[in-house]
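**Student:** Given these sequences and hints, build the entire structure.
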Amino acid sequence: MSDTQNPVLDNELPEQTLRERLAQIWGTSPTLWGWMTTVDHKLIGKRYIITALVFLMLGGLSALTMRLQLGSPDNKLVGPDLYNQLFTMHGSTMMFLFAVPVMETIGVYLVPLMIGTRAVAFPRLNAFSYWVYLFGGAMLWIAFFVNSGPDAGWFSYVPLAGPQYGIGKRSDIWAQMITYTELSGLAVAVTNIVTIFKMRAPGMTLDRIPLFVWASLVTSFMIVFAMPAVMVSSTMLILDRLVGTHFFNWAEGGDALLWQHLFWFFGHPEVYFIFIPATGIVSAIVPTFSRRKIFGYPALVLSLFAIGFLAFGLWVHHMFVTGLPRLGESFFTASSMAVAIPSGIQIFCWIATLWDGKLRFNTPLLFVFGFIINFVLGGLTGVMVASVPIDTQVHDTYFVVAHFHYVLVGGAVFPLLGGIYYWFPKFYGRMLSDTLGKWNFWLAMAGFNLTFFPMHILGMMGMPRRIYTYPAEMGWGGMNLSATLGAFLFFASFLLLAFNIARSLRQGKVAGDNPWAAGTLEWATASPPLPQNFTYIPMVTDSEPLWATPEPSVITGLRADRREVLVSTLVDAEPDMLEGSQLASIWPFISALTISITLLGSIFTPWAVVWGAIPIAVPLIAWFWPKGTKEEES
Amino acid sequence: MKAARDVSGLPRCGFGPRTLTWWGTLAFMALEGTGFLLAAGSYLYLMTLAPKWPLNAPQPGHWLGTIVTVLLLLSVPLNKLLDKWARAQAMPKVRIGLIGMSLFGIAPLIVRGFEFAAINVRWDSNAYGSVVWFLLGLHTTHLLTDVADTLVLTVLMFKPEGQNGRRFSDVSDNAFYWDFVVLSWLPIYFILYWLPRIA
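Chains A and B, in that order, give the protein sequences. Each residue of the first sequence is one higher than the one before, starting from 1346 at the first, in my numbering. Each residue of the second sequence is one higher than the one before, starting from 4 at the first, in my numbering.
Each statement offered as a hint is correct.
Here are the simulated EDC-like pairs of lysine to aspartate or glutamate, each with C-alpha atoms no more than 16 Å apart in a straight line:
{"hint": "1", "chain 1": "A", "residue 1": "Lys1638", "chain 2": "A", "residue 2": "Asp1701"}
{"hint": "2", "chain 1": "A", "residue 1": "Lys1975", "chain 2": "B", "residue 2": "Glu164"}
{"hint": "3", "chain 1": "B", "residue 1": "Lys5", "chain 2": "A", "residue 2": "Glu1896"}
{"hint": "4", "chain 1": "A", "residue 1": "Lys1638", "chain 2": "A", "residue 2": "Glu1889"}
{"hint": "5", "chain 1": "B", "residue 1": "Lys5", "chain 2": "A", "residue 2": "Glu1360"}
{"hint": "6", "chain 1": "B", "residue 1": "Lys83", "chain 2": "B", "residue 2": "Asp182"}
{"hint": "7", "chain 1": "A", "residue 1": "Lys1975", "chain 2": "A", "residue 2": "Asp1906"}
{"hint": "8", "chain 1": "A", "residue 1": "Lys1514", "chain 2": "A", "residue 2": "Asp1426"}
{"hint": "9", "chain 1": "A", "residue 1": "Lys1638", "chain 2": "A", "residue 2": "Asp1887"}
{"hint": "10", "chain 1": "B", "residue 1": "Lys5", "chain 2": "A", "residue 2": "Glu1357"}
{"hint": "11", "chain 1": "A", "residue 1": "Lys1854", "chain 2": "A", "residue 2": "Asp1779"}
{"hint": "12", "chain 1": "A", "residue 1": "Lys1972", "chain 2": "B", "residue 2": "Glu164"}
{"hint": "13", "chain 1": "B", "residue 1": "Lys87", "chain 2": "B", "residue 2": "Asp182"}
{"hint": "14", "chain 1": "A", "residue 1": "Lys1638", "chain 2": "A", "residue 2": "Asp1552"}
{"hint": "15", "chain 1": "B", "residue 1": "Lys55", "chain 2": "A", "residue 2": "Glu1597"}
None of these hints come from the bench; they were simulated from the model.
**Tutor:** Written out as structure tokens, the structure is:
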């Protein structure tokens, strides 16, 4: 208690001593134990991103296998059963294990740095979320390698996935993978919302929040309101399969369309969980490489909100061919087209910024150009399929496959790649090679378009998605071959990125704090950042703080003998309270482990939930129970 | 380094919307509330499709559900007081309040056990039974976790570790969450027991 009476404050120490002391307090021990117990958002963010990129590789390899099979007519390389597993694994991996997690958790790394704080609001919940995600993803892929990979498509429609037709444990594995990933996604979303609401550096009023952080906030809110839908529906699916409920069984009063409504109530917003953070990345890169402030900041923020709201009113456009009432179809056509308006406003704001800027054509900006071109193409076909007559014609054809790859890869993966080139120096302290980066970009651009553009035409020619082969007489061979060659080229672009990363980690040019002369706070700290992020919490006076004042003035008076964060007010970001921040702990890992084992067990017997209750409760209590550390003092 | 402001005089403990945990609790309520809404929506969706409701089952016996509702409503005043005592950091009263709230949590949980039998339909009888069990099960999970949380807090506040502003803040947040458990039950109670009778 004596420390509480006489705590050491940061302004009592010389800057150098304070920096070293905080680095020790906030640091992670370089041991296995340190690695397992850390709650540092930067380590967890990096871990998430690397794991998601591994899943991207796996998802990519499953796509390449499919492309090899489809490269020529009547091919016998892959049989129908494996093909079903492959497209399901590809879609599920890309959506649930790569795109959503990577887009959400770039924010885990960057948001605290961008808003000028030292940690996320709930560091242990954040650590817990990673382990749950890892175990869920590992379960899915281990199941695949023992011939139990899900095979009913990434949206797992009933009755195909239900107890009547879904054989073995394949659909259960899929449904439970949902529980893991959504649990982790929700935990990150809650952490992120509270971090952005309550931990912004003093002076970061609403109109000074970086656009990437706004995007991250809107995404987190969407996750909170959308992910429960898929948790409810996948739980119902498991119950139908395991204990004989009848949610989706028509013969006993259930309904297959209930699945579709619940799934797409989540599934459509999910596309925007992926796209909105990507727009945040673009809004970070564009001003830096245009050397001017972003054009239309309020319009961009309002567009994010508009997309967030509208995304919840579109889900039925995935169900146009299920025989809905005419009025419903008209409403959802209108709302689907309406989402093009805020998206268009964003595009015009970026173009206006670029138009008036002094451009630097480094790799991140090239990927932004790639994004604009590819995403606009995907957006245009999106307006086409929003119309019921066109959708009815091209539903379940390769036209739709082309459309959503343009939107998702063009709209999210291109900005992500730009973001990797942009922030890599911050993460690792070294620059990626710009020359290799440009090769990477052009290879990706060529490979991507060669793969997916012909699919528009294949779809128009009637080629259905999810077929494992086709006869030569259909005349689809040439364009399928182009798609296959393109897919290998696209894959090669990722191998080039991997090479660039491996090489730059050792030989890359040392970056310094702010190699791009950018304006937001993450560039105010060292590269890679110190364990405490900031030795002094900065005072924010502008939306691009480092452009306004290269040496921002700072806040003092925080304790220098414990992990302490400044809690501010929601709207004005006025300093309001000081709170101890959680120390490293093994309990998040153990909780994630016991929950994962219980979820896995529940695929086989409902009693697993009962027996698992105690092993789940004990580590959760241990996690919560006070340990008498300085961080708990009030 | 130019110091713009000294914050050393700020409090290191707070209650309600000033704290991080309160906002975290609110966010969890939002997502769990969405889960309740969607489950209730599924009930209504299946109901509109069915030729009659309840589907091939007798009306659910409402008395046990009504007792749970009454118990939950009766707990609200004490819960409010507990929140007030926690904010005042009045330890003896907080301890009494926590014991009271533990009992107010355990009592409806016991009745809930029998309530499952009184709804007169099994989960595997038909879609009506499935969705009724789902709604009741979803709420029971919330009841169970909050009661467990309350019990842990009760034990904690009888230990020396409890004498800490942040633990009082935890008690206040737990009271906040209990309001959610009570409030979320009311529409479910109406849907499960009275909607089939009205319809």
